[in-house]
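**Q** Next come the chains, spelled out residue by residue.
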Amino acid sequence: MAGSDLFVGTLDVLILKAVSWGPIHGYGIGRWIRQTTRDALQVQEGALYPALHRLERKGLLEEEWGVSETGREAKYYRLTTAGRGELRAAVTRWRDYAHAVTLALDTTGR
Amino acid sequence: MKRLFRLSLGERGVRRDVASEIQFHIEMRTRELIEAGVDPSAAREQAIATFGDVGAIEAECRSETRQRVRTATWREVGDSIVQDVRYAARTLARTPGFTITVLVTLALGIGANSAVFSMVNGLLLKHPPYANSDRMVVLQRPVASLSVADVGFAAPEVADFRSQTPSLDGVAEYHSMSFDLLGHGEPRRVQTGVVSSGFFDLLGVKPLLGRTFARGEDQTGAVPVLVLSYAFWVNQLGADSSIIGKTFTMNDRQHTVIGVLPPLPNYPDQNDVWMPISSCPFRSSARMTTMRSMRMLSLFARTKPGATITDVRSDLATVGARLHAQFRDDYKGIPDEKVSATPITSAMSEGAAPSVLLLFGIAGLVLLIACANVAHLTMARHLRRQREMAIRSALGAGRRRVLRQLLTESVLLSLAGGLLGLALAGPGISAIAHIVARLTARGNEIALDWRVVGFTLALSVATGVFFGVLPALTDGRDLVTRLRDGGATTAGGGKLRARSALVIGEVALASVVLVGAGLMIRSFAHLLRVDTGYDPQNVVTAHVDLNWTKYNNGQVVRNFANAFIDRLHASSGVTAVAVANEFPASSSSPQNQLLFSIRGRPAPDSARMPHAELNYVSPEYFRTIGVPVLSGRSFTADDRDTASVVVVVSRSLAERYFPGANAVGKQITTASQGTTLTIVGVVGDVREFGPAADVPEQIYEPFNALSVRDIRVLVRSRGSAGAMMNRIRDVVHELDAEQPVIEVRTLAQARDEVIAAPRLITLLLGLFGAVALIIAAAGLGGVMAYSVGQRLQEFGIRVALGADRSSILRLVVGQGVRLVVAGLLIGAFAARGVDQLMSKVLVGAEGGEALTYAAVALVFVAVAVVACLAPARRATAVDPVTAFKAS
Numbered sequence: 001m002a003g004s005d006l007f008v009g010t011l012d013v014l015i016l017k018a019v020s021w022g023p024i025h026g027y028g029i030g031r032w033i034r035q036t037t038r039d040a041l042q043v044q045e046g047a048l049y050p051a052l053h054r055l056e057r058k059g060l061l062e063e064e065w066g067v068s069e070t071g072r073e074a075k076y077y078r079l080t081t082a083g084r085g086e087l088r089a090a091v092t093r094w095r096d097y098a099h100a101v102t103l104a105l106d107t108t109g110r
Numbered sequence: 001m002k003r004l005f006r007l008s009l010g011e012r013g014v015r016r017d018v019a020s021e022i023q024f025h026i027e028m029r030t031r032e033l034i035e036a037g038v039d040p041s042a043a044r045e046q047a048i049a050t051f052g053d054v055g056a057i058e059a060e061c062r063s064e065t066r067q068r069v070r071t072a073t074w075r076e077v078g079d080s081i082v083q084d085v086r087y088a089a090r091t092l093a094r095t096p097g098f099t100i101t102v103l104v105t106l107a108l109g110i111g112a113n114s115a116v117f118s119m120v121n122g123l124l125l126k127h128p129p130y131a132n133s134d135r136m137v138v139l140q141r142p143v144a145s146l147s148v149a150d151v152g153f154a155a156p157e158v159a160d161f162r163s164q165t166p167s168l169d170g171v172a173e174y175h176s177m178s179f180d181l182l183g184h185g186e187p188r189r190v191q192t193g194v195v196s197s198g199f200f201d202l203l204g205v206k207p208l209l210g211r212t213f214a215r216g217e218d219q220t221g222a223v224p225v226l227v228l229s230y231a232f233w234v235n236q237l238g239a240d241s242s243i244i245g246k247t248f249t250m251n252d253r254q255h256t257v258i259g260v261l262p263p264l265p266n267y268p269d270q271n272d273v274w275m276p277i278s279s280c281p282f283r284s285s286a287r288m289t290t291m292r293s294m295r296m297l298s299l300f301a302r303t304k305p306g307a308t309i310t311d312v313r314s315d316l317a318t319v320g321a322r323l324h325a326q327f328r329d330d331y332k333g334i335p336d337e338k339v340s341a342t343p344i345t346s347a348m349s350e351g352a353a354p355s356v357l358l359l360f361g362i363a364g365l366v367l368l369i370a371c372a373n374v375a376h377l378t379m380a381r382h383l384r385r386q387r388e389m390a391i392r393s394a395l396g397a398g399r400r401r402v403l404r405q406l407l408t409e410s411v412l413l414s415l416a417g418g419l420l421g422l423a424l425a426g427p428g429i430s431a432i433a434h435i436v437a438r439l440t441a442r443g444n445e446i447a448l449d450w451r452v453v454g455f456t457l458a459l460s461v462a463t464g465v466f467f468g469v470l471p472a473l474t475d476g477r478d479l480v481t482r483l484r485d486g487g488a489t490t491a492g493g494g495k496l497r498a499r500s501a502l503v504i505g506e507v508a509l510a511s512v513v514l515v516g517a518g519l520m521i522r523s524f525a526h527l528l529r530v531d532t533g534y535d536p537q538n539v540v541t542a543h544v545d546l547n548w549t550k551y552n553n554g555q556v557v558r559n560f561a562n563a564f565i566d567r568l569h570a571s572s573g574v575t576a577v578a579v580a581n582e583f584p585a586s587s588s589s590p591q592n593q594l595l596f597s598i599r600g601r602p603a604p605d606s607a608r609m610p611h612a613e614l615n616y617v618s619p620e621y622f623r624t625i626g627v628p629v630l631s632g633r634s635f636t637a638d639d640r641d642t643a644s645v646v647v648v649v650s651r652s653l654a655e656r657y658f659p660g661a662n663a664v665g666k667q668i669t670t671a672s673q674g675t676t677l678t679i680v681g682v683v684g685d686v687r688e689f690g691p692a693a694d695v696p697e698q699i700y701e702p703f704n705a706l707s708v709r710d711i712r713v714l715v716r717s718r719g720s721a722g723a724m725m726n727r728i729r730d731v732v733h734e735l736d737a738e739q740p741v742i743e744v745r746t747l748a749q750a751r752d753e754v755i756a757a758p759r760l761i762t763l764l765l766g767l768f769g770a771v772a773l774i775i776a777a778a779g780l781g782g783v784m785a786y787s788v789g790q791r792l793q794e795f796g797i798r799v800a801l802g803a804d805r806s807s808i809l810r811l812v813v814g815q816g817v818r819l820v821v822a823g824l825l826i827g828a829f830a831a832r833g834v835d836q837l838m839s840k841v842l843v844g845a846e847g848g849e850a851l852t853y854a855a856v857a858l859v860f861v862a863v864a865v866v867a868c869l870a871p872a873r874r875a876t877a878v879d880p881v882t883a884f885k886a887s
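Going down the list, the sequences are from chains A and B.
Each residue of the first sequence is one higher than the one before, starting from 1 at the first, in our numbering.
Each residue of the second sequence is one higher than the one before, starting from 1 at the first, in our numbering.
Think of the hints as simulated: they come from the structure by calculation, not from any bench.
Idealized CB from N, CA, C, for every residue including glycine.
You can take every hint at face value.
Quick list of simulated restraints, FRET-style, between CB atoms:
1. T108(A) to G78(B): 55 to 63 Å
2. V85(B) to A40(A): 53 to 61 Å
3. G37(B) to T108(A): 42 to 50 Å
4. D53(B) to A40(A): 17 to 25 Å
5. A40(A) to R86(B): 50 to 58 Å
6. Y97(A) to S80(B): 37 to 45 Å
7. Q44(A) to V38(B): 15 to 23 Å
Quick look at which bits of chain A chain B covers, simulated, 3 or more residues with Cβ under 8 Å:
8. 51–59
9. 72–78
From just these sequences and the hints, can you work out the full model?
**A** Below is the structure:
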């Protein structure tokens, strides 16, 4: 169900990117993805959470409970050192991939 | 307001956190939708719709979280253990004196237990390597009136027991003989197990190579076949894997090898090869197959599934009684009808169990002493570490955390001590196995295997927990409170009492161990001193088991024996030569009992018929082994007329049956064949079955009367034993180049071998006693040093008040001696139990427990005085001024 329109691993990269600026709660991450991609990626919002928990289990994210802007206790995520490294690697991977695909698609004739 | 670590989340925590996170999302989304102008009443539903399946998502999140929490918890536990162990190792390394003392103490205590456990394991715990061992029984025919454990069964009886015992689903027969094996290199004399074809199947032994005997292979006329023992195949045939199908010549017939056995216990005997009964010329002879009085077989049987040993015993009683009634004449020599059944496992460890269990118990006591010692060393250490502990507590380590740290230290120490002990026990175990292999069938199963290692590790951990918890319990008060109180003096009182109690306990335990060792040493010393009735010095003996096929009648055997005697007599230094079927200490139990009646007196019923051990000896036998001829004469070379056989009897036999009269000239009649024997001489009593056994009544017949093939030769000489051993071999080989000569040794060695078991037990108990004494003495010294340290101020006051040094010395030594005496008094009660337990292990020495206990007490008091001397010197050297300043 989750992100069937997404390339594998895309959601993870986007999450890592969203968290890279500092502690942020799940709702904030979802909103950031919606806004920056201008709703181009059709993600069911709930799909975000299993991905977050998986990344946390892998040790790429860590949690921190804090008070949200609305005064409610909320779970914040932030990058671990391993997470930061993974983000860097994933961005490079994505760019190489995108570049390769772009090259192929831009070719004219055989 | 931030909660950083939530590692110890329970299931409820996980649910709450996940639900809260997702509720937060939906609330925020609802708020966002309302702000974007969606109708507040519809906003929440829309938020939920865009979110997806809340239940499924929550479940997925929970499972991820649960996994994460679990991994993190384990990692935390692992990390904290590693941390504790590191810290413990660092702490221990800072006090090498304490650490080394404890390690050595524990290594001795645990090592002793590992070594003894290897015996318990190998001899008693392990299942014998027979698949059906739990259903196998050994049948025996004990004859109490002859004090014979098993007179054996005759060939015709095998069929009776097979067909008349419904509780058994198989009976196999066994006997062992030695034969010459020709082919594949040198001729060899091999010990041969002779069995009915079902023997190995009954036991559940699968061959390593080839097969075991097939049904019918034990029938008369079957093609002769052989199964090789593992040891013989490896040692004599180089583990030749193509051995199956090869042939050997035995008893002038070709035998084909059909199988090789796996390694098995040396049970019932140490056999090199195995053959079916049809291949054994002796077993196939007409006499053996038909006569019910030719008893030489052992029977092994398997109980039917569901049948109990009681069923088996009642079946056997029925058959025994039936046979006695049916064949009255054949059972004249054995008055008892009883046929016993013993589970094979207990038959195999027979005799070993009491000694092994005693050693195990004593080793356990040694470890307890070691634990007590380490416990009070640890207490002293805790006292010195109060400040450190208090600081750790102040830094947030709870009482449990501090306890865990202390426990980590003690378990780390005990594991290291255990491994060290295992390293110590390793060589000990192989030495023990080597000795015990000669004493019991399963000695070769004693080894440092995974069970011994597992036992050692488990014992180490238990030891560590024990001596780690003990001091912590006696601490009583919280460590922080103690630091607040500040002084060692207030805490010291209770501490000293606890430590004194430990020392008293140690002394009590050690005195029990020492009494055990003392009793054993006394009993063994008695064995060495006992008058055996013969002179084993300067006598060399050898076993010459003449080849069955070559020496097939009495005349050939006599020719060999006489030629041997003549040739050795001609050798320089030889003063006497004899041949016999047995000699003192060549075996430890009666071999050949003769039932007889005294001529001219009414014959008693068979159960009370006189009996004696019967030996066949050549004329110079008594001179050779130094047994005095008390009246009459020994045999002469002319005593060979079997029609009117002459005999020599031992003094105790003569005194029992002819009290106050000269036995010489009297006649006795054998019960079995009615032969009349004339007594021509009376000789001194001999401890025929070793120094530990009672003096048997004996009858000697001339060697020529039976001309046994299985000869023991005995030579008394003035030369060296080594030269004489070579001379014996040479002479035998001059007479018969193919004749093996075995068991060449001095008569003294034979005597030592027969008491090898008590020697080993004495050695081990002595070692344990020494270790116990040293550990207890070290413990006493430690407590006295501590106590003196506590009382320095008091001693200072005493000196200041004019006490002289010797009165202070008396004070300190007196305190130590009081502790020891208290321990000894408690030990005295426990030692009575040890005495009881040891009754089965002790050999000979009666009484003397009180003496042994007094000796142990004396040793202990002496050791106590020595252990107190160093602390006492410190007490007398105290300078009142310094003592006051220090406080």
